[in-house]
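So the protein lines, in turn, are chains A and B.
To convert, note that position 207 of the first sequence is 207 in my numbering; the numbers rise steadily by one, no gaps.
To convert, note that position 148 of the second sequence is 148 in my numbering; the numbers rise steadily by one, no gaps.
By construction, these hints were calculated from the structure, which means they are not laboratory data.
Just so you know, not all the hints are guaranteed correct.
Now the stretches of chain B that chain A is said to cover, found in silico as 3 or more residues with beta-carbon under 8 Å [as the list claims (entries may be wrong)]:
no.	segment
1	129–136
2	244–258
3	372–381
Nothing here was measured: the structure is a model prediction, and the numbers come from that model.
For every residue, glycine included, the Cβ atom is placed at its ideal position computed from N, Cα and C.
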Amino acid sequence: MTDTITSPVVPASAGRRVRFPTSMLGLVPFAAYVLLFLGLPTVIALVTGFLDGDGAFTLSNLAALGNPVVLNTFGNSLWLSALTAVIGALLGAVFCYALIGANPTGALRSVVDAASGVLAQFGGVMLAFAFVATIGIQGMITVFLRDSLGIDIFANGVWLYDTPGLILPYIYFQVPLMIITFSPALESLKPQWAEANAMLGGSTLSYWRHVGVPVLLPSFFGCLLLLFANAFSSFATAAALTSQGSEIVPLQIRGALTSETVLGQENLAGSLALGMIVVMIVVMSIYSVLMRRAARWQR
Amino acid sequence: MEDHLFTKRIAIVGVAAAAALALGLTGCSASATATDDGSGTDAATATNLDAFGGLSGLEDAAKAEGALNVIALPRDWANYGAVLDAFAEKYPEITINEATPDASSAEEIQAAENLAGQDTAPDVFDVGAAVALANTDQFAPYQVATWADIPDALKEQSGLWVGDYGGYMAIGYDPDAVPEPTSLDDLLGADFKGKVAINGDPTQAGAAFAAVGMAAVQNGGSVDDFQAGIDFFSDLNKAGNFVKIDPTPATIASGETPVVFDWDYLNVGYGNDLDGQRNWKVTILPGDGYAGYYNQAVNKDAPHPAAARLWQEFLYSDDAQNLWLAGGARPVRADAMADAGTIDEKLFAALPEVDGDTVVPDADQSAAAATLLGEKWAAAVQ
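All chains, full assembly: derive it from the sequences and hints.
The structure is reproduced here in structure tokens:
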């Protein structure tokens with residue numbers, strides 16, 4: 001048996017070896033880059049999650065994932081990401097729909113596309129500062145509302161620097177990201193389909209019910225998942241805005257690495273990263289399945 | 001762990017003369033271990049000045065190295081800016097390389113491990129008590145010339161780490177925004193709504209950890225049990241008075257953090273930074289005071305071992321100790337300097353008074369408190 005299997009395989013692999021340099025050579029720099037800056041750190045993060053302080057194998061870091069504080073943080077990360085993804089996706093989709101009538105190459109579309117591209121990346125310290133300056137304790141809008149209209153938005157405590165305070169800044173970059181990723185799907189709705197619907201006596205409602213929504217749904221959920229992943233992996237905005245309680249997982253990873261009071265939990269960061277990677281793998285797998293479905297209508 | 005080094009209640013001021021004498025003797029015997037090969041000195045193993053034949057020998061060796069790598073020394077922290085400048089002025093031949101001023105104590109040790117064997121590794125550390133006790137294998141023992149002046153409880157016997165400057169947990173406040181707080185209970189009142197901040201997350205930052213410790217001591221708890229402190233901040237949060245911002249001179253200037261729990265020297269520093277922009281007063285609540293010291297240590301893998309040791313000698317000199325005082329911190333040699341008349345009397349007299357006992361948690365108490373905070377803090381302030 002072994003002989004019959006190996007004999008055809010050898011020439012085939014030899015053939016691949018000959019072809020490889022010509023067709024794949026261009027990919028080498030990128031592959032090396034991905035391996036060095038994405039693959040290697042991921043592997044290191046995962047491995048440290050299984051080591052104790054002396055470098056011996058242990059499962060105790062993994063067991064720490066069941067700690068109520070850690071579970072609560074994962075819970076915070078999940079609901080914050082889900083909520084801002086849903087709000088961002090709905091608002092973004094509505095915005096895209098409103099833009100349907102605009103000329104795809106016109107000025108309005110160019111401005112919206114450019115602005116979305118910029119705003120989707122407007123995160124981190126800049127975004128946190130923008131919110132502190134506008135609706136912080138001494139922010140312009142806060143002071144105006146308090147002094148001119150007698151409305152104290154922080155009457156029940158200063159929520160901006162807490163988990164709820166992350167919702168607004170996150171939505172701020174989720175909506176433009178939705179516009180960027182979802183508008184190509186709307187453009188894939190061919191005018192001929194609407195015409196065919198009209199010729200057959202269909203109404204606008206039946207067009208959306210039988211054509212528009214079914215075609216767009218996979219894209220919509222795909223974009224929703226992308227937004228979820230985007231929020232789930234965000235770090236800098238939250239780090240700049242909140243300094244208490246390590247409310248989301250990336251902040252807890254930082255805490256495990258840099259704490260000067262609770263020592264010796266550096267390897268817990270590896271387990272936390274593992275937890276995040278599992279969530280991301282699930283999300284991105286479903287995303288790729290949905291995108292494959294959506295692509296059927298975009299050819 | 002060297003838990004015997006910290007007693008539960010130590011007097012910050014007051015040196016046990018007998019202990020100092022005994023330590024002076026160990027200092028002499030330690031010098032025998034330093035190698036001296038005639039052509040020069042192996043600075044990396046030198047445990048005191050004798051190995052260099054005195055200060056000028058050390059100065060020559062450090063100047064030959066030409067550089068000193070420091071890390072995590074914020075220029076607005078306890079007057080570090082002036083200390084660095086004074087060293088640079090005294091030894092222009094030695095270039096000071098300042099890395100990541102805002103790093104935490106834990107990150108200093110990580111940097112030393114990651115950069116071990118490279119020219120850019122930190123030569124010296126400035127670390128909180130918990131990090132110092134947990135990382136003694138990263139330090140080289142060194143006893144400065146003024147070793148005998150340093151209280152026994154604030155140094156490791158062989159010189160692996162030595163307390164340098166410290167202070168009391170204090171409350172800084174803006175007198176134009178809030179009344180003067182005279183007790184923890186005051187802070188729970190309506191005058192302080194959305195106004196009270198602590199310097200960082202207690203599960204991460206030493207100063208915030210101390211704020212909870214101070215609240216524990218003054219809220220019916222003790223350094224053995226931080227729960228009372230956690231309860232206080234939980235109440236503060238429920239009252240809507242706790243604001244979760246890392247206070248900086250900028251947040252104080254903008255009015256976002258009108259009340260700040262922090263070390264007295266940092267609070268004094270904020271006031272100096274904001275002189276002319278905003279009024280800033282510092283008070284230590286009546287009752288037991290909660291004190292803490294930061295510690296100096298030499299990296300055992302220091303790329304510039306002589307410069308590292310010269311930096312230590314400089315930090316424990318009268319000049320640098322008075323610079324801590326100018327920054328509102330309590331220099332570790334304050335008592336001996338007061339006896340010798342070398343202390344800046346005016347600055348020394350201006351330090352805030354503490355009327356009760358002074359508490360400092362020992363290593364076990366710190367570890368227990370850290371575990372408790374890890375479990376309870378996040379939920380308590382949510």
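Do at least three Cβ atoms from the segment 244–258 of chain B come closer than 8 Å to Cβ atoms of chain A? holds (count 6)
If you count the residues of the segment 372–381 of chain B with a beta-carbon closer than 8 Å to a beta-carbon of chain A, do you get 3 or more? Contact hint for the segment 372–381 of chain B vs chain A: holds, 7 residues under 8 Å.
Three or more residues of the segment 129–136 of chain B near chain A by CB distance under 8 Å? Holds: 3 residues of the segment 129–136 of chain B have a Cβ under 8 Å from chain A.
Checked against the numbered hints above, the structure violates none of them.
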